[in-house]
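Numbers 971 to 1488, taken from the working numbering, label the letters of the sequence shown in order.
Keep in mind that the hints were calculated from the coordinates and are not lab data.
Misleading hints may appear alongside valid ones.
[Said to hold, decoys possible] Under the rule of at most 27 Å between Cα atoms (straight-line distance), these lysine-lysine pairs were calculated in the DSSO-like manner:
id	residue 1	residue 2
1	K1012	K1069
2	K1179	K1212
3	K1240	K1158
4	K1158	K1174
5	K1372	K1338
6	K1105	K1006
7	K1083	K1012
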Amino acid sequence: MPNQSLPSPKADILVIDDTPENLNLLSAMLTEQGYKVRSVTKGSTGLRGANAVPPDLILLDVNMPEMNGYEVCQQLKVNDRTREIPVIFISALGDVLDKVKAFAVGGVDYITKPFQLEEVLARIENHLTICQLQKQLQAQNERLQQEIHDRTKAEEKFAKVFRSSPNPIAIATVSEARFIDINPSFLKMSGYSQEEVIGHTVTKLDLGKDTVAIAQIIRCLPNSGSLYNLEFEFSTKSSEAKTILLSIEMIDLAGVPCALLIANDITERKRLENEFISLVSHELRTPLTSTMGALDLLGAGQLGTLSAQGQKVLNIATTNTERLIRLVNDILDLERMKSGKIFMRKAKCNVAELLITATEAMQAMADKLQVKLIVNPLAIELWADPDRLLQTLTNLLSNAIKFSEPGDTVSISATLSEDRSVECEENQHSLIKDSSSPNYLLITIQDQGRGIPEDKLQIIFERFQQVDASDSRNKGGTGLGLAICRNIVQQHNGKIWVQSVLGEGSTFYVLLPLPSSK
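Based on the sequences and whatever the hints tell you, model everything.
Here's what the structure looks like:
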């Protein structure tokens, strides 16, 4: 016969009664209903059993020798292990005073002999249910108390960090962009007092030319999600202009959606950047141009014929000087774009002509490196700056060719995209959907090169980022080309991203809006 597991008993019940007939009757009744029953005839024995293994419920006779039921119940209620066990008294007595005393010493109910099965079961199940609910309620209360304790500790920790942080921090309501708290660092940076800020909206406080933009970002936070390192112009109370990087996160304060604004004052860093750009522009560019001119004279033989070793040294000097000139030009180009000093001269462009022109410009380089260049043009008009877009395409083609092996193929093509539902690495594979947007042009540059490691895909468009540090030496790159490409594409309200498989190649995508057909 196969083994069958017995069902678990419904509850553990301890019966204390000095009359064996009562014990046998109750034990049989309860066991038949699935309860686990322990029975003893003495109060002292029952106390020891309850303390050793606390039952779920106790049926306790009132009139017993040596120790009556009231005394047993009193001792149960002073013991931490047995205090919460529900006790139902049993007696043949029907006196009201006995019932009152039973409740006074801690009993929860009272049944009389002779026993009625339905009544006994109903009372037992009722008090077991009540006891179980009380345990659940107690456990829930303990959890809530722990949550309150943990939240209080977290709030205390947050308040400590909030007050002591060297970064300016503010909290504003999402609905109105109204300040409800600020830390001392914010007051120090802004020059305002706490009374001048708390309770006022961002727009009323007037934090500079980007005030409206900041307020709008706060109100749109539920839809946009957290935003990090947004660059804004900030004006202090004394009208001193500062540049800040602002990170904004959504938080909940007592059920009120709020924005946590953390600022980083980069005014000094921007000043040093500008000084560096000025240094590059005036102190490096002119000498490099002169150096290049002198090297050209040497290469042309106007200063005498060079030996083979001299020609080799000249080639090295020319290559390095050209690389430095490209680096200087790229730095200046990128900074002018970021500062808005370069304006896009947009006009109607023929996409097919742009792709063909870019391909022709890079054909000599492809032939030299024995790379096959394929173009699949698309005859459609685009509203763009042709020079800047051509700069982007030639830069991407140049990278694809440089990192290809002889015999590899590099292709550039253009297709139409009905909407922006395109998987975009730059947005961490999120879908950019805009059902009301115009059609989009998707330009694809694909190579069969070595590919880009996954950890580089997110930073490859940052300044001075390259797949390999030796690329600037071996391939002649500056680490700024892709950053410039991204800036140009963004100024066309477009997106640029890359997908890559190591050892198989990379595909760069440029998504640009097409002019409305209206």
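Evaluation of the provided hints:
As the CA atoms of K1012 and K1069 are separated by approximately 21 Å, the hinted pair is consistent with the 27 Å bound. Between K1179 and K1212 the CA atoms are separated by roughly 11 Å; this keeps the pair inside 27 Å, and the hint holds. A hinted pair counts as satisfied when its Cα atoms are at most 27 Å apart, and K1240 with K1158 qualifies at roughly 20 Å. Between the alpha carbons of K1158 and K1174 the distance comes to roughly 19 Å, so the proposed pair stays at or under 27 Å and holds.
With a C-alpha separation of about 10 Å, the suggested pairing of K1372 with K1338 holds against the 27 Å cut-off. Only pairs whose Cα atoms come within 27 Å are accepted, and K1105 paired with K1006 is accepted, the gap being roughly 20 Å. Taking the CA atoms of K1083 and K1012, the gap is about 19 Å. The hint holds against a cut of 27 Å.
The structure meets every hint from the earlier list without exception.
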